[in-house]
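Colleague: Residue numbers (our numbering), protein chains in the order written: chain A, 1 to 403; chain B, 1 to 185.
Just to be clear, a hint being listed does not mean it is correct.
Here are the simulated lysine to any residue pairs, SDA-like style, with alpha carbons at most 20 angstroms apart [as the list claims (entries may be wrong)]:
1. A:Lys26 x B:Leu124
2. B:Lys39 x A:Ala73
3. A:Lys299 x A:Lys330
4. A:Lys337 x B:Gly138
5. A:Lys168 x A:Ile187
Across the chosen pairs, the derived CB separations fall in these ranges [unchecked claim]:
6. B:Ser151 x A:Leu156: 50 to 58 angstroms
7. B:Ser151 x A:Ala33: 37 to 45 angstroms
8. A:Gly142 x B:Ser151: 35 to 43 angstroms
9. B:Lys159 x A:Ala310: 39 to 47 angstroms
10. B:Lys159 x A:Ser31: 15 to 23 angstroms
11. A:Ala33 x B:Gln60: 18 to 26 angstroms
Calculated directly from the structure, the hints in this document are not laboratory data. All of these numbers come straight from a predicted model, not from anything done at the bench. Glycine residues also receive a C-beta, built at the ideal position from the N, C-alpha and C atoms.
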Amino acid sequence: MPGFDETDDQQAAFFVRMSQLIAKEKLGELSDAQREELRQSLAGDERYAAWKAELDQPALIAVVMDELSIAEAHVESSLESFHRLHTAGRPVRRVPGRQISRWWAAAAVLVPIVAIGIWVAERHSGPAVTTGQVTSAIPPGGSRATLTLGNGTRILLDTSASGHLVQKGGIQVQYDQGKIGYSTAKIADSEVTYNTLATAKGGQYQLTLPDGSKVWLNAASSLRYPTAFIGKERHVELTGEAYFEVAQHKDQPFTVGVGTMNVKVLGTEFDVMAYPEEGHKLTTLIQGSVKVQSGGEAKQLSVGQQSVVAAGSPMNIVTDIDVENVVAWKTGFFRFKDIDLQTMMREIARWYDIDVQFERQDLTLKFGGRISRKLNLSELISLLEGNGVGHFKLEGRKLIVLP
Amino acid sequence: MIKGIQSGNTATFDAVYRQMYPTLFVLASRLSRSPEAAKDIVAEVFLKLWEGRSSLERVQDLKAYLYVSTRNRSINYLRSNSLRAAQELTERTMSVGEPSADDFFQSLLHVETVRALREAVNNLPPECKKVVDLVLRGYSTNDIAGLLGISASAVSHQKARAIKLLKDNVLLLIIFSTPAILSIP
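For reference, chain B alone in the conformation it holds in the complex (with noise of 0.2 angstroms):
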């Protein structure tokens, strides 16, 4: 997929971004502390990786190279921001702490695993879809019942179904051999 990008493949690109904006995304506004300041963060990330497309082949992992390069550009961000803060306003500056290694470590392993099973729920059948994203969400399989106004044995037979598609390993394939999926044709 990173010689996907390199030869410049527009259609690699979209299916990277379609992919990973939305993590990256939340791992920029935690950092960054701005919803606001997100958005400039990933089109950042984003640019530099098509405009550097033609020297990525230092890069190994071209996930991890995202989150890193929306990492440094957060904390950029958070430092342009309080030196323009401390311009501005001298005698209320609050600083503002960075975060540190673990902060986006720790954020990184819970946005990245929420992806991936999202991304595995989005391949199941829709009614499936539905109970399996509740049971992710903690609720009871009478909760469920409850809520999408079906019966509890509906609700245990959809999530034996799911279990059985995951487990068939047909979805799976496709959700975490990542590569073949961002190698479109």
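So here's chain A without its partners, still in its complex pose (with noise of 0.2 angstroms):
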């Protein structure tokens, strides 16, 4: 038979072996005999060991059972259109008691929406509207983004850009798949210069300060900021959203400067939030403690607390914030909570770099719901449309959600 090859197949069936192994071990279900079994088989390889290792977090468990759950849906049809070509039959019907419901394929990505309900009955009594055909492939964001030197020099760094450059007073930047990191060195005033890290619409970049704090920077974001911290304040600017972790130094302050508000920090860590096109500044205390300053106010925010700066209101503190909500972008998702779809369709937008247009008017109702970053947009939009969240319409990359 072409293509076929004896030792690809016996390797291929040792790994769907261990997966039915590390499956049943994940299930509690394992026989001593058949947990020696895998731990000998793996033994033998660093590599096997460490694939393993990866479906121990939950995070990849989550994605992978995203994509499966996209693909199941057009199983039946796929199935359909394979005898109506290939044997001139019909798909045989599944055997009962083992269907995989296509409705709970679809609802496990988006358990939490159906949780909260409220649209479940409107999408039974809402008028029935033709799903628009979505069949341009619009791929989700990256890590991409464009590094701008203190003389001006623009590096445009993408998934996979890699590099080194030395800037003045022997300042070392080291990029490399979608991060970047700076050294540490003691120079004088006159050689800091200042870099600007930005990503566009569907990037996203990981840097290291030259103090070692680290910053996730989301879409459509910029961080400006010293190649080398001298003064009394670390200080750095920023517009969009960025998570922070902070490296401790006592006696040299963290400050995020965001137009006129400003985070003041020590060590700590906390997430950003400032799109203009969202109305208001969010800052979100993961660990530690930051003091916000807007105006005259300042405030000092305590774990799980979030600051609300919005202009011509005072500032408001927010208790109990889901943190995992606020950071669930930097681990690969869009988590949303009670949030309006607007809401939803801008972060979407700022990843796939889409522009979003209303023709629907009645825009009350709230969700919920997690669903992977790593998904096609045309993926995401039949996993909203399945959800009954809306109907999407594609133009080019203008998403039009219909009444």
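Got two chains here, separate frames each, mind docking them using the hints?
Modeller: Here it is, written out as structure tokens:
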């Protein structure tokens, strides 16, 4: 048989067997003999052990589950067309009791939306609208950014870009696979220059600052920072959204400026979201402590709190924030909780680099759920449609929310 | 089950198709980096299985055979695609690296493990199923309680029930003795 390779087949059979043992292990049903088989089989090769260890990350399992549930949604239609084209027959009905409900397959990804349940009734009472045909594949965003140096030079950083450069004062910069890092060096005032790392819509990037602090920059955002922190303060300027893990340097506080708002920290983890189109600036504290200053006001946040700064109103502190929701973007997910469709679509637009237009009038419903940021736009749309969130039509890079 | 397909039994073929389509599709989209191409790749894999059914006696493990076949076809797709790209756009052709053997086996291990997990979960009673699905996705008991609008103790109860059902082997027998599911009367 062409393309048939016995060795490949045997090796693939080995991994099929390992997969089934690992699944059994996770489900708590592995006999001692099987446990030993699994241990011995994987012990021979470090790579195999590493691949198995990856399956201990729920985030990886969730991503594969989402990929599979999308594929499951077109099993029946593809099987039908297979028979129509090749056997002139029809698919044999599924065996009762082993059906994988298509509804469930899609709902698994968006269970929380179902749980909130507001829209469920709406789905059945709403008018039947023909689903927009989505043909062009718009991929999700990825690791892409532009680095602008002090002298105005711009460097395009994409997923595959890797390199090394030396700036004034001997500052070393290294970038590779979505991450960029600066060396720490003691340099003179006159040698400090400012760099800006910027992402467009559909981009995301990770940065290690000269003091060792880590910053995850979300789409359509920018961060301006010096190539060395030499003054009394470590100060950076943000637009858009970023997640910070600030290295502790007691005598040199870290501050993030967002327009007229300032977030002052010692050593801590927090998220700042300040997209102009959102109309407010949110600072969420994950760990440590920060002080948010805006206008004449200054407020200290404790863990799990979020400050809301909006023009024309006093600073508001929200407690008991679902921190997972705020930082989901950093772990590869959209995670929505009780938000309106417009807010949801703005976040989607920033990641897929699309524009969203609303033809739908009724926007009172609230949604919740978690979706992988690795899906193509068309896959995301079919999930949203499958869960009754709405109907959509894609025209080029414009997504229309139909009435 | 190989015998079933060899003898032209479409019920067996359909069962294999339904069981394996999602994983093969995911593997093909990862290796070919194109979900659009993946549909065609998987269709070819099953067509080859159906048309070559009389010479299946050399195949020992049907799943392994399908995974390898999907890998080969994904690589063929990338090769013909880069050839076409090279002809059309001689100046700005980007060489797209072919997936390595490691890429293939690592994806196989991940995808097949999660498939087996989902299969187990899908056989649980509905309330149990929702809870276990969220557990596998890394949600805590309290998160799940909040998401499903039930109490934390109800979540723990469903978890315990799932563990018992899975332990009782009733479900695992169906799930892991693959040939039994696929040899449908």
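Colleague: Of the hints stated earlier, which fail here?
Modeller: Going through the list in order, the structure violates hint 3 alone and respects the others.
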